[in-house]
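J.: What follows is each chain in one-letter form.
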Amino acid sequence: MTDEKILLTEKKNGVGIITLNRPDKLNAFNDELTFQLQDALKEMEKDKEVRAIILTGAGRGFCSGQDLQSRSIAQEVGHRTSLGDSIKRRYNPIVIKLRRMEKPIIAAVNGVAAGAGASMAFACDYRIVTDKTNFIQSFTKVGLIPDSGATFILPRLIGATKAFELMLSADKLPAEEALRLGVVNKVVAEADLMTEAMQLAEKLAAGPSKAFGLTKRAVNKAIFDDLEELLEYEANLQELAGRSDDFQEGVKAFVEKRTPNYTGK
Amino acid sequence: MVMTMTYKNILTSKEAAGQADTYIGVVQLNRPTVLNALNTELMTELVVALQEMDRDESVRSIVLTGSDRAFAAGADIKEMSDESTVSIMLKDNLAIWDKVKNIKKPIIAAVSGFALGGGCELMMMCDIIIASESAQFGQPEINIGVIPGAGGTQRLTRVFGKYKAMEMILTGRPINAREAYELGLVNKVMPVELYLEEAKNLAKEIAAKSPIAVRLAKEAVLKTFDGTLSEGLEFERKNFYMLFSSEDQKEGMKAFLEKRKAVFTGR
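Sequences listed follow chains P and B, in order.
Numbers 338 to 602, taken from our numbering, label the letters of the first sequence in order.
Numbers 473 to 739, taken from our numbering, label the letters of the second sequence in order.
Where hints are given, some of them may not hold.
What the hints assert, rightly or not - Heads up, simulated DSS-like pairs for lysine-lysine below, C-alpha to C-alpha not over 30 Å straight-line:
id, chain 1, residue 1, chain 2, residue 2
1, P, K469, P, K342
2, B, K733, P, K379
3, B, K636, P, K425
4, P, K594, P, K499
5, P, K425, B, K695
6, B, K636, B, K695
7, P, K509, P, K499
8, P, K558, B, K695
9, P, K499, P, K342
10, B, K733, B, K722
11, P, K425, B, K722
12, B, K731, P, K383
13, P, K425, B, K660
14, P, K425, B, K486
15, B, K676, P, K558
Unchecked claim - Label pairs and their calculated CB-CB ranges:
id, chain 1, residue 1, chain 2, residue 2, range
16, B, K480, P, K509, 58 to 64 Å
17, B, K731, P, K385, 43 to 49 Å
18, B, E719, P, N598, 55 to 61 Å
19, B, E719, P, R493, 52 to 58 Å
Unchecked claim - From chain B, some residues computed to sit far from chain P (all C-beta separations above 12 Å):
id, residue
20, N511
21, I549
22, K563
23, N574
24, I575
25, R630
26, P663
27, L729
28, T737
It should be emphasised that the hints constitute simulated quantities derived from the structure, not laboratory data.
C-beta atoms are modelled at their ideal positions from N, C-alpha and C, and glycine is treated no differently.
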């Protein structure tokens, strides 16, 4: 157990910066990190001095999604976590906060954004990425469905055709194609990511925050009015996927670093 | 002492509700070859089972369900098609249905597939309805030359209002789960794999409350449909006052003031 903080927060020039800090695990989400992220977002929402937010990851990845190792450990001990409950308690509140908080939120996506990490990025208002960034809908690779909003946020951002393809193939979506598809705002060099993100954030923080907030609320009404309902629905379906044999096999294969042998059950 | 009966047309069970010696009762309509058509025998067994659970102090709430394919596709037409006015009146089979209405414990209907005619009416006698996405609701009696006879014209109208109720009853056309939810007929719609579990979880949640308070609450809510607002308010108030001689009220309010969780004993 290290003393090092797995989530870092900083405030600068009206910008709140949240950094996922488990770089040796590509900032994978364990229980603790999801709850800390929830708390950090709540704090920044309340803090009147924060008028724009940047969400980023430490090290060479943005976020690789749910920490499957920590889940595996839970399963070995015979304690099968209910995926639906886990998502409702840990992930959905984050997505809801990212969307409902009436401050502009920039995902500064350094490197890979996979699984729930990609979902979090999609839930933000802006996505600034590097030329090394890849989005991966990795869920189906372990016999699960995309969660944390991906099943409806991604189709709404890029259309169902490409979204569904990405979800079932779990193929990498590289930065340039993401830009072409309209899911990111800008692609920059790795070294310039935080500068670019801060520049945008400071500009937003100096803007008419009330108007920005109400604009976000209006856009939410237009395209995410059913956010909570769909997140709940998605979590229920993930519960079902989590009860499948293929999920067990998927995670096992991942941990054992081999190809999964799916039976369709 | 609870006698376990063997039924022909229904399946019954009890499930632990979380607290010591607290259960939910589960009754499943079981005539799969006829999509749970409600004949006299089934209704009689249903009433016996529900009454037994109503008497069993350890059972706090009840889930009533059918199969994923059908809750109940209607009353048993074969059974009644040859009756005359006099014969059907003397048999008065619909009186059995009244006994479902008289159950004091909350009944949560877990409804999937067909809930038509008598099936819809039986469902509407329950207190909370959890539907699956495949559920279909309707009163198709008009298609066979009769009208709903087990409460459909009264209960559907109270839920939907005159116009939608008229449409459904005069055309006999069914509506789907989403529409039913939007119109307030069902409490929640779940995927077919999860609706029964959801209903049971809800039943267990209610099972943890003070059973006397639950009973009097159900009574008061049902009173709404029986008379004027003033009468209903008076009834509610008397039920409210009545609870102040229960141990659960004392424990409930004490726990609140002491900022702890109440432990209800049912006394």
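J.: Next step is simple, just say for each hint if it's right about the structure.
T.: Hints, verified against the model:
no.	hint	in the structure
1	P:K469 - P:K342	holds, 26 Å
2	B:K733 - P:K379	holds, 27 Å
3	B:K636 - P:K425	violated, 36 Å
4	P:K594 - P:K499	holds, 28 Å
5	P:K425 - B:K695	violated, 37 Å
6	B:K636 - B:K695	holds, 24 Å
7	P:K509 - P:K499	holds, 12 Å
8	P:K558 - B:K695	violated, 39 Å
9	P:K499 - P:K342	violated, 37 Å
10	B:K733 - B:K722	holds, 13 Å
11	P:K425 - B:K722	violated, 35 Å
12	B:K731 - P:K383	holds, 27 Å
13	P:K425 - B:K660	holds, 17 Å
14	P:K425 - B:K486	holds, 29 Å
15	B:K676 - P:K558	violated, 35 Å
16	B:K480 - P:K509: 58 to 64 Å	holds, 60 Å
17	B:K731 - P:K385: 43 to 49 Å	violated, 31 Å
18	B:E719 - P:N598: 55 to 61 Å	holds, 59 Å
19	B:E719 - P:R493: 52 to 58 Å	holds, 54 Å
20	N511	holds, 35 Å
21	I549	holds, 36 Å
22	K563	holds, 45 Å
23	N574	holds, 35 Å
24	I575	holds, 30 Å
25	R630	holds, 26 Å
26	P663	violated, 6 Å
27	L729	holds, 29 Å
28	T737	holds, 29 Å
In the structure shown, a violation is registered for the earlier hints numbered 3, 5, 8, 9, 11, 15, 17, 26, in ascending order.
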